[in-house]
Amino acid sequence: MARPRCCVLEVSGLRAGYGAVEVLRGIDLAVATGEIVALLGSNGAGKSTLNNNICGLYRPFGGAIRFDGSDIAGSPSMRIVEAGLIQVPEGRRVFPNLSVRDNLELGSYRRGRPARARNLERVLAIFPRLDERLAQAAGTLSGGEQQMLAIGRGLMSEPRLLILDEPSLGLSPLLVEEMFALIGRLNGDGLAILLVEQNVVQSLAVAHRAYVLENGRITLSGKAADLAQDPELRKSYLGH
Amino acid sequence: MFDPQIIFAGVLNGLLAGGVYVLVAVGLTLIYGVLHIINFAHGSLLMLAMYAVFWLWRLLGVDPYVALPLVIAGAFGFGWLLYRGVIGRFSHGRDENILLITLGLSIVIDNVALLFFGGDTQTIDVPYAGLFVEIGAAFLPLPKIVSFAASLLLCAVLGLYMTRSDTGKAIRAVAKERQGARLVGIDVDNIFAISYGIGIACLGAAACLLMPSYYVTPTSGHAFVLVAFTIVVLGGMGSFIGAAVGGFIIGITEALGGLFLGEQLGQIGISLIFILILLLKPTGLFGSRA
Numbered sequence: 682m683a684r685p686r687c688c689v690l691e692v693s694g695l696r697a698g699y700g701a702v703e704v705l706r707g708i709d710l711a712v713a714t715g716e717i718v719a720l721l722g723s724n725g726a727g728k729s730t731l732n733n734n735i736c737g738l739y740r741p742f743g744g745a746i747r748f749d750g751s752d753i754a755g756s757p758s759m760r761i762v763e764a765g766l767i768q769v770p771e772g773r774r775v776f777p778n779l780s781v782r783d784n785l786e787l788g789s790y791r792r793g794r795p796a797r798a799r800n801l802e803r804v805l806a807i808f809p810r811l812d813e814r815l816a817q818a819a820g821t822l823s824g825g826e827q828q829m830l831a832i833g834r835g836l837m838s839e840p841r842l843l844i845l846d847e848p849s850l851g852l853s854p855l856l857v858e859e860m861f862a863l864i865g866r867l868n869g870d871g872l873a874i875l876l877v878e879q880n881v882v883q884s885l886a887v888a889h890r891a892y893v894l895e896n897g898r899i900t901l902s903g904k905a906a907d908l909a910q911d912p913e914l915r916k917s918y919l920g921h
Numbered sequence: 049m050f051d052p053q054i055i056f057a058g059v060l061n062g063l064l065a066g067g068v069y070v071l072v073a074v075g076l077t078l079i080y081g082v083l084h085i086i087n088f089a090h091g092s093l094l095m096l097a098m099y100a101v102f103w104l105w106r107l108l109g110v111d112p113y114v115a116l117p118l119v120i121a122g123a124f125g126f127g128w129l130l131y132r133g134v135i136g137r138f139s140h141g142r143d144e145n146i147l148l149i150t151l152g153l154s155i156v157i158d159n160v161a162l163l164f165f166g167g168d169t170q171t172i173d174v175p176y177a178g179l180f181v182e183i184g185a186a187f188l189p190l191p192k193i194v195s196f197a198a199s200l201l202l203c204a205v206l207g208l209y210m211t212r213s214d215t216g217k218a219i220r221a222v223a224k225e226r227q228g229a230r231l232v233g234i235d236v237d238n239i240f241a242i243s244y245g246i247g248i249a250c251l252g253a254a255a256c257l258l259m260p261s262y263y264v265t266p267t268s269g270h271a272f273v274l275v276a277f278t279i280v281v282l283g284g285m286g287s288f289i290g291a292a293v294g295g296f297i298i299g300i301t302e303a304l305g306g307l308f309l310g311e312q313l314g315q316i317g318i319s320l321i322f323i324l325i326l327l328l329k330p331t332g333l334f335g336s337r338a
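Residue numbers (the working numbering), protein chains in the order written: chain A, 682 to 921; chain B, 49 to 338.
This is chain B alone, in the form it adopts within the complex:
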């Protein structure tokens, strides 16, 4: 049963799953890095984006990959508005308030989704869902390969944006030195909103890449966020590189765990890594915070 070829296939599958995890975790770590809070609404907003992709397909027949730019833009706008209209407004500048507001938002969003969309599992039928690519002994579903490649590409674009553009530099400046940022004329509140928007835009992208091979229910975001949170802690809170490396480690761990222990118990590996990293290196692999 533990044929090296099966393990090889498991590792490849985990790597592919890791791509989307990276995207979800990068959004989470970006928001944490700038706002210094864990966005508890992350899973609910991912679920909302997945429904957006689903309804775009169901009502208008838009292919999830075609919808990608639209959903990214929409998710950015939604996140920006959510910060400007709700989170920033009611937090009164206190980080712990932001934390509670995102928690409240998640409860509201989940239940509104349940009210309007019902509890049924929804899936999308795309013609390419059943296509496989053969690499050695591994048969890899085409949608997963696409989502892996697109996730990496989007993370690279985001990385370039953060290091090359003025707004990206301003986001990184605000993350570490808010006062200094104000003194060069950076609109810190707007940078908060933009960062939140980018974090949610990552979820929009993840939703488009997930839907061809995944399903959505009002609770389907939570599984991803638990995983993403583990990734962020593993890689180091606020670290981009950490989120990327952590995403793949967790993806592979999950796949191998599933292989050896079965689908139900496979998640134990993730929890184990979470506990180990907290015990051995609480700052994470790439964490800088003392």
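So that you can see chain A by itself, here it is in the shape it has in the complex:
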């Protein structure tokens, strides 16, 4: 099946897992330029496995991952970062022993180095809270601030596609609102985003399209607005 070259990310027939255990059993997924795509699924559906294979932390068993037209399946993570595919991981993974500034600067370790100063200014304009805490060790930040830092670190590398893995996890309801508003704003500047979430309602509200992952397979996909009305989805995730 031929797809238009519009796609930043195109995953086809991806199989992956750990050791002998196959978690993903043939995933097809695409993110177009300038699009927010939500990947929904409960715990253990395989969302993080998919992420980590796309980002080169694990080697897929089979299938193809095309980013900007070239196959990146099995490439080391540094090459994938170099190409501009940046993951903001679940659990933030900030460097706790380094200052907020150093964390952000390391965001441009592999990519975006020449424009480091300009990007730092831009990130601090998006997250004024980080500006107040530049010299503070990242490990002493609150959960919400660490999430901002993780996203800011990702933005420092001038991503062509940003994967956000459960950005709302562990945040207060107010911060969750802010987080989704931010995702909309980042996308408004033209950034393609793959949003991996359990928070179905708000993800569908901000996304253009969505996929539902269950037991290592895509069981539903389509326009976010349509999925929000899907009786099946409403039943399994919203309870009505």
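Among the hints, a few may not be true.
[Said to hold, decoys possible] Dumping the calculated SDA-like pairs for lysine to any residue here, alpha-carbon to alpha-carbon at most 20 Å:
| no. | chain 1 | residue 1 | chain 2 | residue 2 |
| --- | --- | --- | --- | --- |
| 1 | B | Lys-329 | A | Thr-821 |
| 2 | B | Lys-329 | A | Gly-824 |
| 3 | B | Lys-329 | A | Gly-772 |
| 4 | B | Lys-224 | A | Ser-780 |
| 5 | B | Lys-224 | A | Lys-916 |
| 6 | B | Lys-224 | A | Gly-725 |
| 7 | B | Lys-224 | A | Leu-805 |
| 8 | B | Lys-224 | A | Ser-902 |
| 9 | B | Lys-224 | A | Ser-823 |
| 10 | B | Lys-224 | A | Gly-772 |
| 11 | A | Lys-916 | A | Gly-725 |
| 12 | B | Lys-224 | A | Gly-820 |
| 13 | B | Lys-224 | A | Gln-817 |
[To be verified] Stretch-level coverage of chain B by chain A, calculated; a stretch enters the list once three of its residues show a Cβ under 8 Å from a Cβ in chain A:
| no. | region |
| --- | --- |
| 14 | 216-229 |
| 15 | 249-263 |
Since the hints were made in silico from the structure, they are not lab data. Virtual Cβ for every residue (Gly too), placed ideally from N, Cα, C.
Given chain A, work out where chain B should sit, using these hints.
Using the frame of chain A, we list chain B on its own:
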């Protein structure tokens, strides 16, 4: 016999000896901080570096201080290659394997040194070896003052490198958060190799600073590493500041122990500190690990 002036001289001598200890311990603690293993080959590699300094002097007439940049660079390259070619390759990403490999390496290096260099004690004769500086009642050998100052300077340079340069920051990032480091595009395996290289480069520097006033045999590295290990535990595993402060405490302890108990028994103080720190504060003076 316990004249305050003699004690003063003892403390100064211990402080000076502490300089090189700091260098050896900083290398050990850096490797521990990043790779999460104790480098059992540390003593053997120090001995190897000391032989390198010795042979550079014996065959080419290079003064140990002149050889310093060369030996540091060579030791870094050797450590980097050792990690890339042997330690990283055969560890398959498991920390406990790295531990065993460094232990094996140490046995191999020691015996190869014995085979090629023999068991004789080798020393270097430099014209400044007999020079002393008088401070109060203390006569301090010039080579020890040089080694103290140079050790501190090198540690300061390394500290700046670790806090200011991108590679230094990447090393510290990898030490605490490997996954996060991969996700910003840091080549974690290469950072491991660089960290190991820097740790061994510290030994290269220590070897140059030691040789004007010390001797080398195939086993002379081990004494230093036992001391360095005590320093690392005392200061807190993986802590730079801890290694520096611990180095001086141990240096002074050793000197005073030698003064009161004699050269042979003087080392007891070090063991005593080791046991006390394990009993009272197992994380060390500056340790952060719970």
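Going down the list of hints, with the structure as the test:
The suggested pairing of Lys-329 (chain B) with Thr-821 (chain A) is violated, with an alpha-carbon distance near 23 Å, which exceeds 20 Å. Restraint check: the Cα-Cα separation between Lys-329 (chain B) and Gly-824 (chain A) comes to about 30 Å, which exceeds 20 Å; the hinted pair is violated. Simply put, Lys-329 (chain B) and Gly-772 (chain A) have alpha-carbon atoms about 31 Å apart, too far for the 20 Å limit, and the pair is violated. Under the criterion of a C-alpha separation no larger than 20 Å, the hint pairing Lys-224 (chain B) with Ser-780 (chain A) is consistent with the structure, at around 13 Å.
Under the criterion of a C-alpha separation no larger than 20 Å, the hint pairing Lys-224 (chain B) with Lys-916 (chain A) is inconsistent with the structure, at around 42 Å. Only pairs whose Cα atoms come within 20 Å are accepted, and Lys-224 (chain B) paired with Gly-725 (chain A) is rejected, the gap being roughly 26 Å. In summary, the hint linking Lys-224 (chain B) to Leu-805 (chain A) is not supported, as the alpha carbons are separated by about 24 Å, beyond the 20 Å threshold. Between Lys-224 (chain B) and Ser-902 (chain A), the direct Cα distance comes to roughly 38 Å. Violation of the 20 Å bound is thereby established for this hinted pair.
Between Lys-224 (chain B) and Ser-823 (chain A) the CA atoms are separated by roughly 18 Å; this keeps the pair inside 20 Å, and the hint holds. A threshold of 20 Å between alpha carbons decides the hint, and for Lys-224 (chain B) with Gly-772 (chain A) the separation of about 14 Å falls inside it, so the pair holds. Proximity of Lys-916 (chain A) to Gly-725 (chain A) is assessed by CA-CA distance (about 19 Å); at most 20 Å being required, the pair is judged to hold. Taking the CA atoms of Lys-224 (chain B) and Gly-820 (chain A), the gap is near 10 Å; set against the 20 Å cutoff, the hint holds.
Proposed proximity of Lys-224 (chain B) and Gln-817 (chain A) is supported: the alpha carbons are some 16 Å apart, at most 20 Å. Residues of the region 216-229 of chain B with a Cβ under 8 Å from some Cβ of chain A number 10, which satisfies the need for three, so the listed coverage holds. For the region 249-263 of chain B, the stated coverage by chain A is violated: 0 residues have a C-beta nearer than 8 Å to a C-beta of that chain, whereas at least 3 were required.
The structure fails to meet hints 1, 2, 3, 5, 6, 7, 8, 15 from the earlier list, while all remaining hints are met.
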